[in-house]
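Given chain A's structure and the hints, the job is docking chains B and C onto it.
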Amino acid sequence: MSYVTKSPWVIHYDGSSCNGCDIEVLACLTPMYDVERFGIINTGNPKHADVFLITGAVNEQNKGVVKQIYEQMPEPKVVVAIGICATSGGIFKECYNILGGTDTVIPVDVYVPGCAARPEAIIDGVVKGLGVLAEKRETMIAKSMAVAQVLKSQKKETAKAETAETEAAEIEIKEEA
Amino acid sequence: MSTIFFLIGFPLVVAIALLVLKADAIRDIVVRVASVIIGVASIYLTFQYYSIGSELFDFQSETINSLMMGIEICLAIVVFVLGIKYKKYLASVLAAVQTPVMVWFELTKGHSIEVINNIYIDRLSIIMVLIIGIIGSLICVYSLPYMKDFQHHHHGEKDRRPWFFFLLFLFLSAMFGLVVSNNLVWLYFFWEITTLCSFFLIGYTKTKEAVDNSFKALIYNLIGGVAFVLAIVVLGTYYGTLELSTMLLFGTMGYSVVLPAALLAFAGITKAAQMPFSSWLLGAMVAPTPTSALLHSSTMVKAGVFLIIKLSPVLGWNVAGVMVMMVGGITFLFASFAAISQSNAKRVLAYSTVANLGLITACAGIGTYAAVWAAIMLVIFHAVTKSLLFLCVGTAEHNIGSRDIEDMDGLFGRIPRLAIFMIVGISGMFLAPFGMLVSKWAAMTAFIDSGNVILVAIICFGSAATAFYWTKWLGKMTAIMARRENIQNNVHKEEWIVLGTLTGLTIAAILLFPVISSTILVPYLTSVFTGVNAASLLSGNMFIMTAMLALVILLPLLFFGKTNKKIVPIYLSGTNLGDDLTFTDSMQQPMPVSLKNWYMEDYFGDEKMCRYGGIISGIIIAGVLAILLGGVL
Amino acid sequence: MMTNILWVIAYLVLAPVIGGLLAGIDRVITARMQGRFGPPVLQPFYDVLKLTEKEGITVNKVQDFYVLCFFIFVVITGCFFFAGGDLLLVIFALTLASVFLIIAAFSSNSPYAQIGAERELLQMMAYEPMVLMTAVGFYIFTGSFRVSGILSFGTMPFLYMIGIFIGFVFILTIKFRKSPFDLSMSHHAHQELVKGLTTEFSGKTLALIEVAHWYENIFLLGFIFLFFANGTALGTVLGLAVCLATYFLEVLIDNSFARMKWQFALKSSWIIAITVGFINLVVLRFML
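Protein chains in written order, with the numbering used here: chain A, 1 to 177; chain B, 1 to 633; chain C, 1 to 288.
If we strip away everything but chain A, and leave its shape as in the complex, we get (with noise of 0.2 Å):
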């Protein structure tokens, strides 16, 4: 049973946005759209977070910040690209400045077009997320059973060979008597 869906906490970036996406997104968090009937609380904090939400493309000025922020947030963790601009650079694509959407720097796992995307499809895509989110910390748990079952079958390899050593060294002696 994996809680994280259950309260995913959101960090919400402003890449190179007009902040038209936003409003819309702060829209969300307002008593008319309420998403926090979802658990979801607008942390500031990448560490405390769970779902990226980043608008606007990515240029030379934010690609390190956009990196640094997805690499302080804790596993399981998703990256929602809300408006065109997010998921591809949208009519900016062709500027000198602009090197594209955010998959440019960061896998992104929902993209939410729209220019500006509407409330309603941006909560449909966090709520997308939040799927990802648990296969996610479906792959978590199971990498992490994964190595642990290595790390002790790499425990008892080494046990088993060292006790053929001696068994061997045993023989040795024995023959040699």
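You may find that some hints are simply not true.
[Stated by the list, open to error] Derived list of chain A stretches under chain C, where covered just means 3 residues or more per stretch with a C-beta under 8 Å from a C-beta of chain C: (1) 43-52; (2) 65-76.
[Said to hold, decoys possible] Some, not all, of what chain A presents toward chain B, calculated at C-beta under 10 Å: (3) Tyr13; (4) Gln61; (5) Asn62.
By construction, these hints were calculated from the structure, which means they are not laboratory data. Each residue gets a CB set at the ideal place from its N, CA and C atoms; glycine is no exception.
Frame of chain A, contents of chains B and C only:
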């Protein structure tokens, strides 16, 4: 009794020897051996009188009396001349008033008063002897490498270290004499010797600042000295005795000794740097650190509160007692506030010392069994912990080049052991389950039981302020900064030994505290405050405190620094340059991270705090002395 | 002795449950006051459980240790309280716990955590005089510092200590970290210093802090209960009712006020302490 003479005489001999020996290597051996001998002798004295408790010694000597008078006259002339030389005329005036009055008294009235018991020992004196002998000796040993570094930094100046060490050991000798003198004239003699030692030690560096501050200390202490002389004159003239024990006996038997008590308490107040006289202690911080540790935190200023504690049976809810308690309380409050705004580590320690002395003074002023118990516990814990902190700051200063707390961040990476010792020291000053907190707890209970609600409010606010300025500093000590070069090996081994011993003592003191209380304090207090049942204070809580201490020591040993979590950079809004020390600013340039503590100058600026505290205390003292002296005249 | 142990066990087991439920109710009431639905009442538990499932990350090797110490000492403080212990011991142990949390933040050497820590320290300085005066007030009135002594005193302290009660509820806003005094680490959706004190904590460490706060809130409400305890059933019921009412009052205050500056927090707390608190103490002293 011979041990007592040894304790007074031996450091004196060592002092004179150190004045003539110039070679480093010989000085090292002499100081180390002498310190060990003094420490052992102090402990030996404790065992000698452990079960007997208190004893008045039938000892008289005209030679000593005359010798003392002669030395006093010489010293007065020295002060008079120096005062004129440095244009500090007030010092000369005070010397010119103080000593002639004393001499006149001794030659006229004093001669006719017979003093049988000039020397005594009791459990309070034993505690003081232990503090002087053990902590004093440790500080002397610490001074050796410290002064070597000091000389190194002040290359080119004349090497006056023989004079320095002479003063240190002379001071130890005088302190031993002070705590065992029953004859107030003798006590006064040793008292003045300590004043002069302080004067010369503060002025050691001979800079203008040092000279000014040394004269300020001298003047304030001489003012106290004048009061001391007046007290002796009053006692001799109106009560016909010069013995402290007799005076206390008169007081507890019901005869009012309020005037001499108030005058002696006033002398104690100046020596313990209570407001409005606290600025001399702050100024004394320009002296080399061993001076600050020895004189101005653990020993000389303790002489001031020692006298007041001795007077506690005759204080309480009389005019003298109220003066003492309120001056102590006001000093505690305002000095704690003032410490918040200080970033110079020695000034923080100085204000903390003044504040804690204020707390001890207030407890002694209340004069009940419980209050004096708290006062003596505070004396013990404060002496150990504060000297540890001063010496740590001294070591830090020599190795990182600054006394400012703001420059001490990252100390945990640069000199881990020192940071840990300082953490123990700082925690020892205000956190449960260490000694100072336990003593403060006892003080609070004593304040409440005494009925003085103002003091209760004072200790509530003062404690809050205390926690603030210590935790700030503690935070700096524990900050982990990346990539700090470990310079731990630059610190002298001797300094480590002393610091380690003091840290051990800080912890041992709280562990041994129930034993100290029941074997030394309770018998002393029962004998002084007759008729009070020796109920053990906070007994159940003591057990809990010990358990908490065990936990606080055990937890770091088990869990500190052990984690297998992934290390990630700190959150600098995503602009961390990877080393946790720099980030990219809005112009895309690297900018170093700089973190400073809060000092709240506008609220707790020390000038303002000392002014308020000084005015209030000044009015109280002036009022009380006016009432008392007016009554006599 | 036996009852004390039972109370301690009850505290250890039930306090996080009740504390978490109270936190959940807090969020629901807040949401309703803001005209929205709000999360389910069990949301705080989901939050804590989710935090335990996160990957373990930290910024240095020592901050988790300090937070662990914070947690242990908060729980110990509560155990002292519910075992009928000495109020001053409770206050001093709580100070020790708070200092551990503050040092945990300082140890990270991070700007947001540092400012959060300084503000947390300031909050401590602001509420400490009043809390100490509360303990003193109980001692003067009932003759005992011990919770067990206060509970068995027999007369309801509330009316005699009404000034102290008002002062204590005032600083309770600080202790519960509610606006206008949530300076150091705002809960819920507020952000000012990113997450202030808790910026560099995550995962299990953060969960531990949250649970520690639940433990702390329960014994703070216990303090409120002491004002009404007189050994009778009426006193107990009234005490519990006032506890809940006080909690609701704090939620109301939280939603009615914006965050104030630290100067206001310090000044107002100290002025309240020196007026209603101190005057009440004087009255108690001369009345008894």
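Here is what the structure says about each hint:
1. 43-52: holds (count 6)
2. 65-76: holds (count 4)
3. Tyr13: Because about 8 Å separates Tyr13/A from the closest Cβ in chain B, which is inside the 10 Å limit, the hint holds.
4. Gln61: Holds: closest Cβ of chain B sits about 7 Å from Gln61/A, inside 10 Å.
5. Asn62: 8 Å, holds
The earlier numbered hints are all upheld by this structure, with none contradicted.
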